[in-house]
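> Protein chains in written order, with my numbering: chain A, 1 to 304; chain B, 1 to 86; chain C, 1 to 515.
It is worth saying that the hints were derived from the structure and are not from the lab.
Among the hints, erroneous ones may be present.
In silico lysine to aspartate or glutamate, EDC-like type, Cα no more than 20 Å apart, as pairs [to be verified]:
id : chain 1 : residue 1 : chain 2 : residue 2
1  : C       : Lys487    : B       : Asp48
2  : C       : Lys252    : A       : Asp203
3  : C       : Lys470    : A       : Glu61
4  : C       : Lys459    : A       : Asp294
5  : B       : Lys6      : A       : Asp46
6  : A       : Lys60     : C       : Glu478
7  : A       : Lys28     : C       : Asp253
8  : C       : Lys487    : B       : Asp70
9  : C       : Lys252    : A       : Asp231
10 : C       : Lys261    : A       : Asp231
11 : B       : Lys6      : A       : Glu44
12 : A       : Lys60     : B       : Asp70
13 : A       : Lys64     : C       : Glu478
14 : C       : Lys304    : C       : Asp318
Listed below, chain by chain, are the residues.
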Amino acid sequence: MTDSRLRRTMLYVPGNMPSMLQNVPLFKCDSVILDLEDAVNYAEKDAARNLVRRFLSTWKERDKEVLVRINPLHTEWGRDDLAAILPEMPDAIRLPMCETAEQALELDAELTQYESAQGLATGRFAILPSIETVKSVLNAYAIATSSKRIFGLAFGAEDYTASMGIARTNSGEDLMHPRMMIVMAAKAAGIQAIDTVFSDVGDMDALRRETELVKRLGYTGKCLVNPRQIDIIHEVFAPKQEEIDYAQEVVEAIRQAHESGTGVASLRGRMVDAPIVKRALHTLRAAYAQGLTDTPVDEEILHG
Amino acid sequence: MKIVKKGMAGTMQSSDLMVFVEPADSLQVEIESTVIRQFGHLIRVKVDEVLARNGVSAGLIRLTDRGALDYAIEARIETALQRASA
Amino acid sequence: MARNSLGREIPEIFNGKRYIPYRDPHAIEPETFHFQRASRVLKRNYSGSSKVVGGLREAIVASGLKDGMTISTHHHLRNGDRLLNDLVREIDALGIRDIKIASSSIHIVHAELIPYIRKGVITALECGVNGPIGEQISKGELTCPIVVRSHGGRARSVISGEVPIDVAFLAAPCCDEYGNFNGFYGPSACGSLGYALVDAQYARKVVAVTDHLVPYPALPFSVAQNIVDIVATVDSLGDPRKIVSSTTQLTKDPMGLLIAKYAATVIDSSGYLKNGFSFQTGTGGISLAVAGHVRDMMRARRIKGSFGCGGITGFFVDMLDEGLFEGLFDVQCFDLKAVESIGRNRKHQEMSAGLYANPFNMGAVVNRLDCAILSATEIDVDFNVNVNTESSGLLLHNTGGHCDVAKGAKVSIIVCPSIRGRLPMVRDEVTTITTPGETVGVVVTERGIAVNDHLPELKAELIRRRAPVKDIHDLRDEIYAATGAPKPVEFTDEVVGLIEYLDGTIIDTVRTVRA
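In isolation and in its complexed conformation, chain A is listed as follows (with noise of 0.2 Å):
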């Protein structure tokens, strides 16, 4: 499953910079968004569209989550960047402007008949829907459960204070309450909230500040705008010392249950159940991922 996958940091790339592109394979995220909305000029979407392809094409050993930002399905461009991008095999669509359950379910469609087409499993594709309006926070429920492909609900903060006729301040209390909706609807709907941009590349205090604040919401990821801005992320959400222990105890704790065949696992006088195991795993996945382990996750634990 992708749902528990470690997403930090989910940088834009602009689909039409190949001096930026070239670089995709060496940015230490872990992963990126090729745009073809926002980043691309309306003239240059054919030639963003054509690069993006090309370079996914020459870009055989990946080592980071390929998403994929299309124009939105009801533009001209929308069918016509799928078209174009799936047969490079990105592992997610980024769909902005998602206000609808209806509209990730027509994206969803869109997937499945290619993957029946081209004899693919169905859900090889998945979907990052941006909720960036108002309209898509109050649906944010409703998106968050509409497809099996959806492994998380990414803010969208620009449009969002656009759709509210507000002016985004660096202080948040006027993104406050969405980013409250969105990580309730992600964790009702048992998958990852990832934050919006930061983007005064300028302020790293305030970008760590942010990040921090994210991090005690529930949000395990930020989406980002300059390479520059990976480190301070990743450093905020690498796990503490004690946390790194008590997933390890976790671990143990299911590795014995395993071997001696109960398949129960009790630590501390409590259940292991799967979602403690779950959140174990993704602790040590940061804390290797950081450096702060020596040994790879084991992700078959959780299955015995």
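Since the structure of chain A is already known, use the hints to place chains B and C on it.
Relative to chain A, chains B and C alone:
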């Protein structure tokens, strides 16, 4: 693919290139590049390959390259051709 | 032609002089070859009167400069220097011909010399060059034999008398009438006069040229009256804005920052980052970003380093002022902050090029370096580094201290982007070898870190930390997979220049590029 009008794609940024195509009776390719000495031969191979794959047999194709990698050369030529044949 | 140990064809005789092909970094023992210090005829001056003879022309006449002689200047004024151009114009006006230039370096601003080279006023360059002169020589458009030397190698060649300097014309930013001078003050202040100190000691005649004559005595002096023959005054030594023009901004390029981060990991893994740590880095954006990481680690772990070295920037000055280093050895100040610091702080020590890097003395400062960050225009799979020519084959850069520092430092770290405008920077073979691979410790690109075989413990530690350690051949293959294999530049057989290793042997040649 037939070139019926002028078409252009790309930028002058580093690692990019500009491609200009226009109708002509025969096929002519002109390549200008910051790395012509080291990579002129490979750029030419790539251009010929993309033109052949798109069935282009006539037209004036001009490239001004700023050190683009093969995938970008391919994409920019394709875009210019699509724009010139539509 | 002979072949040196790196496989490069070297002429035995170049411009009338005999040279030894490079063999290895330790091949030349000065004692075995009976090298001596250059001697100067003892002179006397019982007079206490002023040594000011007038302007440049009067000074040239007074120095006794004649056809066929060798002159030198220093390059502390960098691209703001006016002296060398003005000097050659006056030499020409006096009808003097066949002059050899043995300056510490030549910059882009000195492209003005090209007509005088064509005219026969200048007939050889006993020093490396930056910019158009070298470019035209390597294109075969300009004829002027050139021997490129490192800072340490140049100091050696002057001190040993291999390159005898008849008259040194030394820009003296703050000078008195009896010849004491320093670089700390005045409109053309440049800070350290490290490269000039060797010439002041060993040239047969020393002319101090100043645009800022102060009442006797000009204290503190860097060069003292007892070795200065003549003082000349000029309106201006140069353009102060260009004297301190080097890049002193940290890079913002994400790939450059990634390289800097890896380089910092290398330093951290080397085992030397503890009390007593010594460090050198250059002025490029990546180098400064590495220095930023080093500073942060030293701060966080309360490490007190021993010294920072080389060309000094404000960044190192801040580290000294913060107490992160015991002192700085400064052969050249790169910015105003460094100039200001060296004039006030006695722990910011001016250092001659000989003390810095001359291989033939009782211990150069580079020998005491733990880690050094160096750049490259190209690197090959044997870790040989080129900084002189570019992949076009054109001679565009001087060596600086590159091979001196690589040999001296315990861990020399080359930082270089893997690709520049499609050109692969890690290659089968470099166009020109400046620094032999066996003196290079680590190559850091944004695609990975290649560690040379003589540092197995460092390699193991980097792997333990999951740093992207790669075999240098794999690194080359990965880069070629993105760029394609470049067609080698074609050269003629005509050798127009030599690349001298710091011990005086010839490590490579410069040939003209086939049109």
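> Regarding the pair Lys252(C) and Asp203(A), is the alpha-carbon distance no greater than 20 Å?
holds, 14 Å
> Need the status of pair Lys64(A), Glu478(C): alpha-carbon distance at most 20 Å?
holds, 18 Å
> Does the alpha-carbon distance linking Lys459(C) and Asp294(A) stay inside the 20 Å limit?
This hinted pair holds, its Cα atoms lying about 17 Å apart.
> Given the hint that Lys487(C) pairs with Asp48(B), test it: the Cα-Cα distance must not exceed 20 Å.
At roughly 19 Å apart (the allowed maximum being 20 Å), Asp48(B) and Lys487(C) satisfy the hint.
> Within a Cα-Cα threshold of 20 Å, do Lys28(A) and Asp253(C) meet the stated pairing?
Roughly 14 Å between the alpha carbons, so the hint for Lys28(A) and Asp253(C) holds.
> Does Lys470(C) pair with Glu61(A) here, judged by a C-alpha cut-off of 20 Å?
Roughly 16 Å separates the two Cα atoms, so the pair holds.
> Is the straight-line distance between the alpha-carbon of Lys60(A) and that of Asp70(B) 20 Å or less?
Satisfied, since the Cα-Cα distance of roughly 15 Å is no more than 20 Å.
> Straight-line Cα separation of Lys60(A) and Glu478(C) no greater than 20 Å?
holds, 12 Å
> Going straight from one Cα to the other, do Lys6(B) and Glu44(A) come out at no more than 20 Å?
holds, 16 Å
> For Lys261(C) and Asp231(A), compute the direct alpha-carbon distance and say whether it is at most 20 Å.
Judged against 20 Å, a Cα distance of about 10 Å means the pair holds.
> For the pair we were handed, Lys487(C) and Asp70(B), check the Cα-Cα distance against 20 Å.
With Cα atoms ~16 Å apart, Lys487(C) and Asp70(B) stay inside 20 Å; holds.
> For the pair we were handed, Lys304(C) and Asp318(C), check the Cα-Cα distance against 20 Å.
holds, 14 Å
Hint violations for this structure: none, all hints satisfied.
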